[in-house]
Amino acid sequence: MNGDNKMKRPLWKTITTIIGFLVIFAITITAAMAATVTISPSNPTTYDPLICDVAGTNAQFNYYWYNGNTKVYQNTGASSTLVTSYTKPGDSITCKAYVPSSSYYPETFVGQTSVAIKSSVIPPIIANWLPSMNLPDVNIDEDSGYNSGLIDLWPYTSDDSPDNQLIFTIASESNTGLVDCSVRSNRYIDCTTKQANSVGYSDVKVKVTDPNGAYVYDTSRITVDEVNDKPVFSNLGYKFVTEDSGFHDNMIDLKSFVYDPDTATQKFTMQVFSIMSQSKSQVVNCVIDSNRYIDCTTQQDEYGFSDVVVSVWDGQYTATSTLRVDVGPVNDAPVMSILPDETILEDSGLNRLSYLPDYSSDVDNAKSQLRYSVVANTNPALASCAIRTDNYLYCTPGKDMTGANMISVKVEDPAGLSFIQFFRLTVEEVNDAPVMNQLPNQYLYENSGLNPNLIDLQNYVSDIDTPLSQLKFVVSQHTNMNIVECTISKNRYIDCMTKADQFGDAHVEVSVNDGHLRAYSSFLVRVYRVAECSDGIDNDNDGFIDMNDPGCSSSTDDDEGDNPNVGPTITNPNNVHINEDSGMNKKVIDLYKYTSDPDTQLDQLTFKITKQTNNAIIDCTVDNDRYVDCKTVKQDGTGNGEVTVEVSDGQYTATTDFKVSVDPVNDCPIIDSLNDVIVTEGDLVSLTVTGTDVDGDSLVSTCTNPLDTNCKWQTKTGDTGIYYVTASVSDGNKMVCPLASQQVKITVNQPVVLPQCSDGKDNDNDGLIDMNDPGCSDPSDNDETDPVVLPQCSDGKDNDNDGLID
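Take my numbering: the final residue in the sequence shown is number 795, and no numbers are missing along the way.
A few of these clues could be false.
Stated by the list, open to error - Here are the computed lysine-lysine pairs in the DSSO-like style, where the Cα-Cα straight-line distance is at most 30 Å: (1) LYS648 - LYS623; (2) LYS648 - LYS597; (3) LYS620 - LYS597; (4) LYS582 - LYS600; (5) LYS356 - LYS576; (6) LYS388 - LYS488; (7) LYS461 - LYS488; (8) LYS648 - LYS620; (9) LYS196 - LYS107; (10) LYS575 - LYS648; (11) LYS705 - LYS734; (12) LYS269 - LYS244; (13) LYS219 - LYS196; (14) LYS786 - LYS219; (15) LYS107 - LYS60; (16) LYS183 - LYS196; (17) LYS60 - LYS77; (18) LYS576 - LYS648; (19) LYS576 - LYS600; (20) LYS786 - LYS244; (21) LYS183 - LYS269; (22) LYS60 - LYS194; (23) LYS388 - LYS575; (24) LYS575 - LYS623; (25) LYS750 - LYS705; (26) LYS244 - LYS219; (27) LYS219 - LYS183; (28) LYS356 - LYS705; (29) LYS77 - LYS194; (30) LYS600 - LYS623; (31) LYS107 - LYS85.
Read the hints as simulated data drawn from the structure, not as lab findings. If you're wondering where the values come from, they're calculated on a predicted model, not measured in any experiment.
Start from the sequences, fold in the hints, and give me the full structure.
Spelled out as structure tokens, the structure:
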């Protein structure tokens, strides 16, 4: 029965058992005390063996023989014999008898007696037979230890003397290193196995001597048989592989970690290996190869560790050990699925297309950490494409371009691994409006009548979609048709008819139509009054006409009166201010506003610049014989220049001066180039942000997160990754300054963890470091633990050079 249901022994039975032993002890002691210890013969000589006995009982006693005060022999039995080899003449021999001890009482003295050994010149003639002995061979188990009573010598011995008078001793043993035997109680052979896990035999030679000194020998072979021992499976340790490294063949040789003592005899040599469990087979899956090796295969995009429990079975016993396989993470490149083909319209401007994060993935990084760029464009003239900070793809078609091209887009992770995908971009044709350039102004004379083909409109219009001959031209607006009337002939030419005795200006607008879309342009028609000195009329009624009239100085003279030509006059314009680096400044002065001539129309006058100072900074010219244009010349140059303008009617001239000031404007600062930064977790990131400013303004630097206001960042554990920050310089003016900022890439790496066999440390505390340690196979080995050292008798080597192995 088990547990609490086990029956308890009744108390009365226990008490009865103890009383019974006490009664037996009392009876034994009483009988012994009543008995007499005797030695026979009572008057011995040197040739007499001595027999000690407790008279009146056949009980077993412990007998101790003393020669004087020296104990010479002892045994246990119904009697005891001391052979003559222990005595000589004159010795005083004493025999002491004791009741043997038990678990209930100690060894108890019974009595003793003594005799004196006398010399004898002539030994008595005693007829004596030699004893005979025929011992059996015995088998015992390996590692069985102490084997009591293997052989009871008495049944295998015969003699004319009683068995208890015979003396048994071990004469020799052939292999005491394997098994050691002894005689107990002058009757039993006991044997003890000596060497662990050893088998073989030892020949034990036993001598039996009768009371008269006659003896014989016999040999018993004690064979130590092999028994199966449980195999010893040492720790399989640790192996490091990297994520997605795939199949690892023969990662562990299991036989080098197993020791089985039974392989010494080759009797029990079975070793069957199997995997009992794997804590994370979804990270790395391991199998047994050829009943010897462990092969492991990493799973796609998985990392971590798996404890692999392996068993070895020898046919009877099983032992287990654990291998930890650590799969270290590696960065995987991002991937991008197929991008959809896109279609945009001709001349449609900026088009926002695909949102790229929707097509990207990365098993190691968040989508927010990925960066995108356009890396190839088979026809940039057709359409230009770029990716903005919102991660949308933007494409702008080229002017009037249609067709298709292939665009390649790259996605990149913080570590620089990338994937490229492409798509087809089609620019569809749409109808373009015709384009009409500025039509030239026309200058006619009063009463000139029809002026045909003044403008060929086809020279001023274009349409990429429609032939010029298919365009339709019309006059859409016309002013002052009482002065001049313009029409279109042959759907191509401008014809203008002046009205009688009329002069002045008219504005004409022309439209062109491709059937769907229109374009417009206009021109000025100026009808000049014919000068009095060339109109064929006696305008001052002095009898003289045109150049025959003394009042005419030239055919353009509009005053036939006999008064002389007065000439033009010009007043000082206001001073002109333009900005530094502003380039060409058109029509800064309209000279007509400051000029007059009673004899000549303004558009008949000519203007020119005759002098200007500081032309290294400012350069002014007359435009269209009416306006002053001024252009800044020197980059970042400022200052003043004096300009002199001359007006002429062909006979007389007049001049005026005015000042042109180039005023300074604030220039954007330019940031000095910064390098990208690579640090390790725990390092301090510090950017020194500087710049230049042509105005000499003081600059202030700033940086975006995670850098602080001083452009510093103390990294810590867990900050591994790639960061993009913007460093800027400012002169305090709120201007958009593209060259005042720069994006800086900051890479924070994990600390490098060296393998145990190259980290300069004694990882297994054996006093040896790295490649000096026998546990290291190469510098990349991450397990410095020493390999299992097999016992010499199972390591497959001849360790003592005797030609025999294990």
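Going down the list of hints, with the structure as the test:
1. LYS648 - LYS623: holds, 18 Å
2. LYS648 - LYS597: The given pair, whose Cα atoms are some 16 Å apart, holds under the 30 Å limit.
3. LYS620 - LYS597: holds, 16 Å
4. LYS582 - LYS600: holds, 21 Å
5. LYS356 - LYS576: violated, 55 Å
6. LYS388 - LYS488: violated, 45 Å
7. LYS461 - LYS488: holds, 27 Å
8. LYS648 - LYS620: holds, 14 Å
9. LYS196 - LYS107: The given pair, whose Cα atoms are some 28 Å apart, holds under the 30 Å limit.
10. LYS575 - LYS648: holds, 16 Å
11. LYS705 - LYS734: holds, 18 Å
12. LYS269 - LYS244: holds, 24 Å
13. LYS219 - LYS196: Distance of about 40 Å is beyond 30 Å: violated.
14. LYS786 - LYS219: Status holds; Cα separation ~22 Å.
15. LYS107 - LYS60: With a Cα-Cα distance of about 20 Å, the restraint between LYS107 and LYS60 holds, given a limit of 30 Å.
16. LYS183 - LYS196: holds, 23 Å
17. LYS60 - LYS77: At roughly 15 Å apart (the allowed maximum being 30 Å), LYS77 and LYS60 satisfy the hint.
18. LYS576 - LYS648: holds, 15 Å
19. LYS576 - LYS600: holds, 18 Å
20. LYS786 - LYS244: Holds, at about 16 Å.
21. LYS183 - LYS269: violated, 47 Å
22. LYS60 - LYS194: holds, 26 Å
23. LYS388 - LYS575: This hinted pair holds, its Cα atoms lying about 28 Å apart.
24. LYS575 - LYS623: This hinted pair holds, its Cα atoms lying about 18 Å apart.
25. LYS750 - LYS705: It holds: about 25 Å lies between the C-alpha atoms, which stays within 30 Å.
26. LYS244 - LYS219: holds, 15 Å
27. LYS219 - LYS183: Distance of about 19 Å is within 30 Å: holds.
28. LYS356 - LYS705: Holds, because 23 Å separates the two Cα atoms, which is no more than 30 Å.
29. LYS77 - LYS194: Given pair LYS77, LYS194 holds - Cα atoms ~28 Å apart, limit 30 Å.
30. LYS600 - LYS623: holds, 19 Å
31. LYS107 - LYS85: Between LYS107 and LYS85 the Cα gap is close to 21 Å, so the pair holds against 30 Å.
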